[in-house]
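Here are the chains, one letter per residue:
Number of protein chains: 6
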Amino acid sequence: MSKILTFGEVIMRLSPPGNKTMKQSHEMEFFFGGTELNVASSLATMGCNVTHISNVSDDFVGESALSFIKSFGINTAFINKNEHPLGLYFLEVGSSVRASRIAYNRLNGSFANIKPEQIDWKKALEGCEYFHWTGISPGISEGAYETLKEGLLTAREMGIEVTTDPAYRSNLWKYGKNGNEVLKELVSYSTIFIGGVNEINEILGTQFSSDQQGFMEACEELKKQCPSIHKIFDKIRIGVTASSQQTQGRALVNGNYFETVFLEVDNVVDRIGTGDAFAAGLIYGLLNFDDEKALNFANAACAIKHTILGDINYCSAEDILEVMAGNSGGRIKR
Amino acid sequence: MSKILTFGEVIMRLSPPGNKTMKQSHEMEFFFGGTELNVASSLATMGCNVTHISNVSDDFVGESALSFIKSFGINTAFINKNEHPLGLYFLEVGSSVRASRIAYNRLNGSFANIKPEQIDWKKALEGCEYFHWTGISPGISEGAYETLKEGLLTAREMGIEVTTDPAYRSNLWKYGKNGNEVLKELVSYSTIFIGGVNEINEILGTQFSSDQQGFMEACEELKKQCPSIHKIFDKIRIGVTASSQQTQGRALVNGNYFETVFLEVDNVVDRIGTGDAFAAGLIYGLLNFDDEKALNFANAACAIKHTILGDINYCSAEDILEVMAGNSGGRIKR
Amino acid sequence: MSKILTFGEVIMRLSPPGNKTMKQSHEMEFFFGGTELNVASSLATMGCNVTHISNVSDDFVGESALSFIKSFGINTAFINKNEHPLGLYFLEVGSSVRASRIAYNRLNGSFANIKPEQIDWKKALEGCEYFHWTGISPGISEGAYETLKEGLLTAREMGIEVTTDPAYRSNLWKYGKNGNEVLKELVSYSTIFIGGVNEINEILGTQFSSDQQGFMEACEELKKQCPSIHKIFDKIRIGVTASSQQTQGRALVNGNYFETVFLEVDNVVDRIGTGDAFAAGLIYGLLNFDDEKALNFANAACAIKHTILGDINYCSAEDILEVMAGNSGGRIKR
Amino acid sequence: MSKILTFGEVIMRLSPPGNKTMKQSHEMEFFFGGTELNVASSLATMGCNVTHISNVSDDFVGESALSFIKSFGINTAFINKNEHPLGLYFLEVGSSVRASRIAYNRLNGSFANIKPEQIDWKKALEGCEYFHWTGISPGISEGAYETLKEGLLTAREMGIEVTTDPAYRSNLWKYGKNGNEVLKELVSYSTIFIGGVNEINEILGTQFSSDQQGFMEACEELKKQCPSIHKIFDKIRIGVTASSQQTQGRALVNGNYFETVFLEVDNVVDRIGTGDAFAAGLIYGLLNFDDEKALNFANAACAIKHTILGDINYCSAEDILEVMAGNSGGRIKR
Amino acid sequence: MSKILTFGEVIMRLSPPGNKTMKQSHEMEFFFGGTELNVASSLATMGCNVTHISNVSDDFVGESALSFIKSFGINTAFINKNEHPLGLYFLEVGSSVRASRIAYNRLNGSFANIKPEQIDWKKALEGCEYFHWTGISPGISEGAYETLKEGLLTAREMGIEVTTDPAYRSNLWKYGKNGNEVLKELVSYSTIFIGGVNEINEILGTQFSSDQQGFMEACEELKKQCPSIHKIFDKIRIGVTASSQQTQGRALVNGNYFETVFLEVDNVVDRIGTGDAFAAGLIYGLLNFDDEKALNFANAACAIKHTILGDINYCSAEDILEVMAGNSGGRIKR
Amino acid sequence: MSKILTFGEVIMRLSPPGNKTMKQSHEMEFFFGGTELNVASSLATMGCNVTHISNVSDDFVGESALSFIKSFGINTAFINKNEHPLGLYFLEVGSSVRASRIAYNRLNGSFANIKPEQIDWKKALEGCEYFHWTGISPGISEGAYETLKEGLLTAREMGIEVTTDPAYRSNLWKYGKNGNEVLKELVSYSTIFIGGVNEINEILGTQFSSDQQGFMEACEELKKQCPSIHKIFDKIRIGVTASSQQTQGRALVNGNYFETVFLEVDNVVDRIGTGDAFAAGLIYGLLNFDDEKALNFANAACAIKHTILGDINYCSAEDILEVMAGNSGGRIKR
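Residue numbers (our numbering), protein chains in the order written: chain A, 1 to 334; chain B, 335 to 668; chain C, 669 to 1002; chain D, 1003 to 1336; chain E, 1337 to 1670; chain F, 1671 to 2004.
No wet-lab data here; the hints were simulated from the structure. Heads up, the beta-carbon is just placed ideally off N, CA and C, and yes, glycines get one too. Treat the hints with care, as some may be off.
[Unchecked claim] Covered, in the sense of this in silico footprint (three residues per stretch, anywhere, with C-beta under 8 Å from a C-beta of chain D), are these stretches of chain B:
1. 361-373
2. 397-408
3. 430-442
4. 500-509
5. 573-581
[What the hints assert, rightly or not] Computed footprint of chain A on chain E; a stretch qualifies when at least three of its residues, placed anywhere within it, have a C-beta under 8 Å from a C-beta of chain A:
6. 1350-1358
7. 1399-1406
8. 1437-1444
Make a model of the complete structure from these sequences and hints.
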């Protein structure tokens, strides 16, 4: 059983049921998630041995989050509790021409107050094949940045593959550091880049175009500036409306470009966590298949996640392989 | 802040959750609305100063309706209570090839028992720029007709713009008056007509065709017979299925014809109140933009309302402008 | 009022709300149904006089099932209670590219323990014009097979039309009999076959192709081997995705082939029971229309059932005729 | 199987879930009921053959009500549909020191528009042993009064026992008749009076005291003025708080006074329909037991109804006998 | 109509439905409240003209809070929006021997970031008869303390009555000030003290006993140290279990001691906000009745609030007067 | 961290929400539990290291059960999947004088099909201090009996304490063995008996009285016939009504009798699993306290479980210690 470590915030999502607005509601559904925990949960659901590192609040909210994480069989031994509240966000789910809206409450939460000294990275990473991080974590607080950096350096020393989805989010990075500079630094400690032209342009300050040619040039430039990166996989999600989406993957590995077919998803249930489903699918794919099949698996994982409510992809590898094989959902499995 | 007055029934909608039928349900969601209150609420949400005139029941149902209306910041000082029950309707929401169904209980309700003497129209209309009414109100009872007529005459005296959506509904008009005659009379006290060939044919007894030529001829005939009308705006909603709709607006102003693009809405959440969203969008547009932009804004308001549960368009002007700008909902606003 | 008898399991469906998975839920919606009861309920809703024969558990679950059946006005006088639990199944409803999943708990239930001696078939069938059965029942237990067989033989003696939807389900037939042999035997006691190339190939062990030519040949072969069959009606459901489906009917009657148009259903609410809606529509159609109109009615019934939650088609004949007339659901019936 | 006829409004109850107020809710649970239908449903649940006579609305609300009534196996052949809406009421459920509140919408509904000519009383009453009515029906409309009167006269001619719960409600009787006079007239067509000092004082204009002596004197006076009355049974419900109640029954039959013990109910779930549960329990008791046991059974039925949500007593005779035997609910029936 | 100003945090409550724990839930009910807003809402429900001063978040959560506040007709003109998230807390509701549990997330929220310069106190207080504050606000942040202090000084200058419920909460006061010192200072700017021996002992550092004698001595000491205080009203809530409570009020005014009876509440629905209901009842009482009746009214308001879900007392003055008159809730108001 | 092993069925509970009956519901809440899993979950919640041995169904229902069990951090490595459905039961929750009702569906489920050869008891019991079993398991099937017996013999060999709650249930034992004989055999492999006079009388066929004297004599007789038993602890639950209960514990250890106070629980939320809470509390107590304190802790655990919905006691040891200390729940923990 492959062992994987993920690091990042455990965040609670609160959302009025269905497509309601908050003004129309007296109740909200809640889910736990967080971009890296979403990756962890999906990998655990597919049978991997996963350790997630984070902080939760030392109250019944944090206890509930821990129960949730344990329910996937994820190792929680490296999750600490502190006196700060668990980070959370509110989501109004859009439909068709109406976009979804998010309001965050995370910048002073339990994860934002993480400190490097609370984690024994050597011990946590022992036996791991993959360490996954995203650009959200270092944007939350200096402590999260420092802690992550220490983990990355340890992982590199130990020769562990480091995957990164270095999403830059303009609503983070309030603590004084320059997001793009930090991301470039941390990417340079990583080995597999999950992102495309937008992400590269943001990190490097370049202006590559988003067509295939631009993608390939951007990848080369990234590899030049961050030489530890040896594989680049990109997910493309085209939102026709809030209820109809298309997904595609493309990659540059060893100078070879390849891409997947477009998968179409009508009747979208949830867009949150589709990128994380891609990342989890990719890691699972790299552990079990060749690079091209891994990309196709990742894209199918991304597509099927659009049909699952909440942050997390509850689908098994078998479910994903069916989508990858082109089987539409128009049947009933008895 | 523009001041607008609306007049009409406050009605409660009761609907089984989702697409369930009543036989399948033990609970119903409820919403307050009413065609003119829907216009009022949308205008208030967009920042206008709105007064709504109506009756509610003198019980906890009426109290709840008042709280709801106040939550938009709408002025309720001219709403009276009486001993009759609040009007209501039941809705079974259709899907795809199955149409929605409505059953009314309104003809002996608190609004049906409204009387002209209970309203000081001069005082209520003071400072207003617009007075909006629809063809529903005079169809409910003689008292509603008399009260509305007095309001319209007062508004015309005071030089206030009067907008009308003169929908003829065959399931009303049970109290003895001829609906089309009454509507023609009341339209002749109005200045902006929100309707098209169907409405004009019904009111005037004409038979214009529904193409552009027919629309323009119908408008000219209407202006001839009701000379106070100086602008005509029409909304076109094409229901592909109960779950897929198209909307378009067209207008004749000062002899100039113009029309909007078609907007497509998949995954329709609610069709009720989409015409009211158009009317509110139009009034807001006329107060803030030129006539053509107003029409486009109205059409976008109509489109986005299809994604909101209940009678009322909870969207802000910014949300509507995004749809008008052609931004699909396939993104998440963080 | 036409009198019809149906025989089969009363089964409870348990399903997380919406598109949730069980892991995401703490509650489930429940519905009663069962393929033959679905036919019975739809026919009763359309005004037929229906008797359903089955067993239920002798506890409050069985009592609830009986109340449910009575609510349609179905005659329950021939339903017995026994000490075994009511059969049930769990359903996770898919969406788009994600298929639905079912887990059964029925093989030791109250219906599985049915015995021929508990039913007075002569009395039950008195005055009936139609007797409907499906291939599910004889697959559940030997007792169900024996009981059904006795009923069929009695019906044939009494000259009653026997309709069958002989679906072969590989997850049944655990009690030792060969499913295809049994089905062939029971079909040979029937008069109207509701099924197509797949069903015929399974029962006869043939390999006809699924095009029109193959369909016609398969029908001829079936009629040769089971000469009591005089009409064959087939339903075709094409699942584009779990949320988008197409339905069509075709038939061979007296050597004449005819087929319906394709009906498209977007925003599918529920796929369970769509075949049963077809069967009920067909029986109603045969009782009220000519064969070709009956097929069109059945196809429209099948289409509209996709918009109804649960196993049962709650639509009236008028609702179905509207779909058959090509009226989409994009309107509101006030 | 004893045959019983009941006559009265089918009314829908709409109530926010739990103890919420309407202002706090966006949804309401709904139930069908009505004082006489509650008696009918309870009797049918206990195995009696019951016919209920009423009107329902000719829309999907009325259809749902019919399904509900049929689910008890009640004969609905004498229920008509008309174009008026189904009567309904809103209920805010109190708790402890907070009282429950009701708002009605029934005076122009489908039952209020009932007419004597729509019912063939001879046919409906054929074979009946009991006819049950209450004082609610004649208070709703002149038509309801006239229809009921015709039924009572027919029942008396046919020698059927007529039970009455002649509750006078001051919020009815809006159509011009004097409630107490009408009730006295109708009681004089009845044979078993279910009521006590309050009811007698209201009907006769007397001022008997509520102690045992006053009760006995009041009964004698009632029998003097309405000589067809031969048995009088009274229910006493003492509301300690909205959550804690006591019930007792007393009776005067053939000059003999007897009374039951007090039954205490903590954690009251619903107070509506407890009097109807008493009436149903009494009729069942009179059909199956002696007068004193009947009174005890009625009192136990009244007590257990306090634990059931909605208007209707879903308990079996066995459940009621257990309460009557003094078994508290502090056990689990496996 | 009496005009009252309140100042304090608008906080969102999130709670699993019923008595569930978070681990057992996937959804939470939400309510807006906050100790001073609870007072404001109750006063507005009873017909007072209320202005509430606070901050909300500049997102859809803050917008929802504003709608909620407006629904009571409360003036929101002095509420600002800022970029910090709305404060919130999670509540697990206990039952019987299990206590309720709360987890807060408020210390970096929109109200905690309030600043004195954002409020024009002179304008806000114009025409007010009462200004109400509690000890929660100054415990949240230095800004809240400074802002409140400025308001109090202005109110005193303008001769407005200042009521205070100076609750000391040990889980606040994280920003560096000594809670008891600050409270003593702010109480010395107030005129009516709502609290008893515990509160006085905390603020003054004294050790009076909680019997009547101790209460009277504590009051005298408080008046000596804070001479602007001229009336002292205390609420006593005895929690028998989480489901059963008793309330009593006592007071010292002009040297006269008086107290109310004990009111018992079984089947407690919600304990939150019962003290605020007392405060609102007291202010309403002081405006409308004499001091002793005001205390009794306050105590009845406190009792009835235990039966209402959420933070806010939705009861009218009439409802409260009934409880005060000793009418239990064991009846139904039709 | 103490290590404990439990063995028994994982069963799903399905229950209409609140106090509704199934006939009134369209949805049910579901919970996983089972008498021994309840003990396991409570011990894990209190921080113990617990392994549970069972079977679950090899479908998404079984997967959900596994997730649930893992969420407590319970070791599931010894749980197998098979093709039989997960056992389940339906529960209608009573109130006050109405008893709760249960209908089971478990006798052919995944646990009933357990086989001795599937478990490596030596490995599973390694390091365990306690092995807990109940009388439910051997009553389900011969396989369950054989498997349990093997486990008990292994545990005794390894010198592990064996606790048993030997509840005899008459609705089990359908597979041919005599329940009392089997229970006596299995108790004779155990060391700590959790039960009282009723259980001893059933197992030994004796007729001891239920007073203290009878209890002591029964204990002595049990120890004589089953000499491995060295401690006996009894729980007494007195159900005043379904909503009001009392609990007490008593014990005989080394010839010493001791008992706890009575704890009263009003407003009972759930009675299921209260005995299991006692057992878990007792084991936790024996591991951490002396025998008498252990009994008091067990009794408090039993009491507080009455306030938790579902089968499982979610309370921490701290929560239980508070109840044990006599702190009522009438307070809020902030």
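Do the hints match the structure? See the list:
no.: 1; hint: 361-373; in the structure: holds (count 5)
no.: 2; hint: 397-408; in the structure: holds (count 3)
no.: 3; hint: 430-442; in the structure: holds (count 6)
no.: 4; hint: 500-509; in the structure: violated (count 0)
no.: 5; hint: 573-581; in the structure: violated (count 0)
no.: 6; hint: 1350-1358; in the structure: holds (count 4)
no.: 7; hint: 1399-1406; in the structure: holds (count 3)
no.: 8; hint: 1437-1444; in the structure: holds (count 6)
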